[in-house]
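A.B. asks: Chains A and B supply the protein sequences, listed in that same order.
Take 0 as the starting number for the first sequence in our numbering and just add one per residue.
Take 163 as the starting number for the second sequence in our numbering and just add one per residue.
No wet-lab data here; the hints were simulated from the structure.
Where is the CB? At the ideal position from N, CA and C, for every residue including glycine.
A couple of the hints might just be wrong.
Stated by the list, open to error - Which chain A residues face chain B? A few, computed with CB under 7 angstroms, are given here:
1) L17
2) F26
3) G43
4) L44
5) D101
6) L105
7) W110
8) V118
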Amino acid sequence: EVQFLESGGGLVEPGGSLRISCAASGFTFSGSAMAWVRQAPGKGLEWVSSTSSIGGNKYYADSVTGRFTMSRDNSKNTVYLEMNSLRVEDTATYYCAKAYHDIIVLPDLYWGQGIPVTVSS
Amino acid sequence: QPALTQPRSVSGSPGQAVTISCTGSSDDVGGYKWVSWFRQHPGKAPQLLIYDVFKRTSDVPDRFFGSKSGNTASLTISGLQADDEADYYCCSYRGTNVGSHVVVFGGGTKVTVL
């Protein structure tokens, strides 16, 4: 059974930083690209970032480039999203998901339950 | 502004068919076979229904049909059921002129079963 253990969400002030984590089990994590997708309250899905299976290649949406960093630790089956210079508009539920392929980094079948992040003063 | 354009809402009676369109460009939907569709019930994580334009995941019934023509992908749901009432999102790979690889989503379509 595929499971995700997500952590690190919460309330942070504008300009602050936060790191969220997603530990996966039930599939071959080290052979899988991974993605982060977010959803602002009452809004649609927005792709944030993806990383290849080994972590050598990372891709970002324009809205987070230069502020967010995605990383992974295959020894812990965990992906991370380090978020800096946070803005009110970064408030969202952040989902980790297995991605389709190292190059075609669309999220596919397996998704976590979501990590709420609120940026507010 | 979402990169892919979907209608905000569609509706149909039980047993009827509805079609959701997803319009992009030659840089995404029109240029590649990597188009997916997700369904999301309130308060839940998205669920993959369709990938590679038309392939269904193993537990998705054949009432769900994906297709593509030019820069527009479509999801048709036939034999509409109460549980089909949800938000539906299209998603596509987009290649960039700087050699990067990104993902774009549509704004989502709310399907209402009358």
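A.B. asks: Run every hint past the structure and note whether it holds.
C.D. replies: Right, here's what the structure says about each hint:
no. : hint : verdict
1   : L17  : violated (20 angstroms)
2   : F26  : violated (14 angstroms)
3   : G43  : holds (4 angstroms)
4   : L44  : holds (5 angstroms)
5   : D101 : violated (9 angstroms)
6   : L105 : holds (5 angstroms)
7   : W110 : holds (4 angstroms)
8   : V118 : violated (21 angstroms)
Taken one by one, the earlier hints fail for this structure at numbers 1, 2, 5 and 8, listed in ascending order.
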